[in-house]
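Visitor: Residue numbers (the numbering used here), protein chains in the order written: chain A, 1 to 153; chain B, 1 to 153.
In case anyone wonders, no lab produced these hints; they're calculated from the structure. Check before you lean on any hint, since a few could be wrong.
Identical copies look the same in the list; a pair holds intra-copy or inter-copy alike.
Derived DSS-like pairs: lysine-lysine, alpha-carbon spacing no greater than 30 Å straight-line [to be verified]:
(1) Lys122 with Lys29
(2) Lys44 with Lys119
(3) Lys29 with Lys102
(4) Lys116 with Lys102
(5) Lys119 with Lys29
(6) Lys29 with Lys44
(7) Lys29 with Lys116
What you are looking at is a predicted structure, and each value in this text was computed from that prediction instead of being measured.
There are 2 protein chains.
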Amino acid sequence: MDAFQNHYPENVSHCYGCGSHNTHGHQIKTVWEGDETVTRFQPKPFHTSVPGFAYGGLIASLIDCHSTGTAAAAMYRQAGRDLDSLPPFRFVTGSLHVDFLKPTPLVELEIRGTVKEIKGRKVVVETTVFAGGVATARGEVVAVQMPESFGQP
Amino acid sequence: MDAFQNHYPENVSHCYGCGSHNTHGHQIKTVWEGDETVTRFQPKPFHTSVPGFAYGGLIASLIDCHSTGTAAAAMYRQAGRDLDSLPPFRFVTGSLHVDFLKPTPLVELEIRGTVKEIKGRKVVVETTVFAGGVATARGEVVAVQMPESFGQP
Chain A
1 MDAFQNHYPE NVSHCYGCGS HNTHGHQIKT VWEGDETVTR FQPKPFHTSV PGFAYGGLIA
61 SLIDCHSTGT AAAAMYRQAG RDLDSLPPFR FVTGSLHVDF LKPTPLVELE IRGTVKEIKG
121 RKVVVETTVF AGGVATARGE VVAVQMPESF GQP
Chain B
1 MDAFQNHYPE NVSHCYGCGS HNTHGHQIKT VWEGDETVTR FQPKPFHTSV PGFAYGGLIA
61 SLIDCHSTGT AAAAMYRQAG RDLDSLPPFR FVTGSLHVDF LKPTPLVELE IRGTVKEIKG
121 RKVVVETTVF AGGVATARGE VVAVQMPESF GQP
């Protein structure tokens with residue numbers, strides 16, 4: 001699977017949510033399916049809120065990293081550029097909003113995103129989490145192109 | 001330290017963010033300091049976005065669990081009741097909003113919450129994350145008293 005995250009530059013491949021180099025983390029993988037982006041993720045048994053259901057922080061994390069990945073992929077697509085082409089598009093989260101619609105069981109989750117708006121360095125992504133085909137959480141992320149200074153002390 | 005989470009009923013003590021029975025999780029501990037609630041948390045070295053800085057999902061998770069804990073404590077306080085008294089106040093997250101103000105370094109974080117509103121079964125909590133005294137993220141959580149049916153399939 002040729003996921004967006006496989007093309008992330010080295011310095012953004014250490015994220016707990018989506019970095020392929022973070023051996024402790026979720027290592028989510030996101031792909032295009034038409035005009036939607038899709039991540040499939042199997043929570044661990046201990047990712048619980050109450051037993052059998054996912055805790056909110058996991059849902060928020062999946063929405064966050066799925067959406068910043070979607071933002072980057074959307075910019076490459078808009079520019080007609082390959083995911084490996086330089087300079088890289090890298091995004092951070094400006095804001096994250098999640099509405100929890102119902103409890104999310106610990107089954108394989110399908111996270112689907114659509115790009116609502118691209119405006120300058122900012123991309124707005126709407127992302128929904130599905131469990132067994134049922135929408136359990138809906139999020140919106142304002143992703144912002146990473147300043148060169150990001151991560152400098 | 002007599003943290004709110006030490007008084008959580010058994011069925012909400014398994015949360016990855018705040019459950020004292022979740023050995024894989026963050027096991028955050030929250031206390032009153034006057035009219036504010038405070039959690040102090042040391043991220044692990046692998047909780048990274050870019051190396052040296054916390055990933056957004058961790059920040060969201062801390063804000064979420066800190067705020068639902070604050071909501072419960074506020075209800076006990078308003079009712080003039082002890083944290084151990086029955087029936088328990090238990091909260092889930094209706095919505096979570098996080099504004100990321102600047103990168104959050106991997107130092108001990110101070111998460112401070114205030115109750116904005118209590119209305120029926122709903123508590124609105126504003127929570128700020130500080131790193132070295134600097135506010136790096138600000139969140140708002142609408143916490144809702146857990147329905148008895150929560151977690152039933």
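Visitor: Are the hints correct? Go through all of them and say.
Guide: Cross-check of the supplied hints:
1. For a Cα distance limit of 30 Å, the shortest separation of lysine 122 from lysine 29 inside one copy, 22 Å, qualifies, whereas the shortest one across copies, 36 Å, does not.
2. Taking the shortest alpha-carbon separations for lysine 44 and lysine 119, neither the intra-copy value of 37 Å nor the inter-copy value of 35 Å comes in at or below 30 Å.
3. In this assembly of identical chains, lysine 29 and lysine 102 lie within 30 Å of each other by CA distance both inside one copy and across copies; the values are 24 Å within and 26 Å between.
4. In this homomeric assembly, lysine 116 and lysine 102 come within 30 Å of each other (Cα to Cα) both inside a single copy, at 24 Å, and across copies, at 24 Å.
5. In the homo-oligomer, the alpha carbons of lysine 119 and lysine 29 lie at most 30 Å apart inside one protomer (25 Å), although the nearest pairing across protomers, at 41 Å, exceeds that limit.
6. In this assembly of identical chains, lysine 29 and lysine 44 lie within 30 Å of each other by CA distance both inside one copy and across copies; the values are 16 Å within and 23 Å between.
7. Taking the shortest alpha-carbon separations for lysine 29 and lysine 116, only the intra-copy value of 21 Å comes in at or below 30 Å, while the best inter-copy value is 38 Å.
The structure does not agree with numbered hint 2 stated previously, though it agrees with all others.
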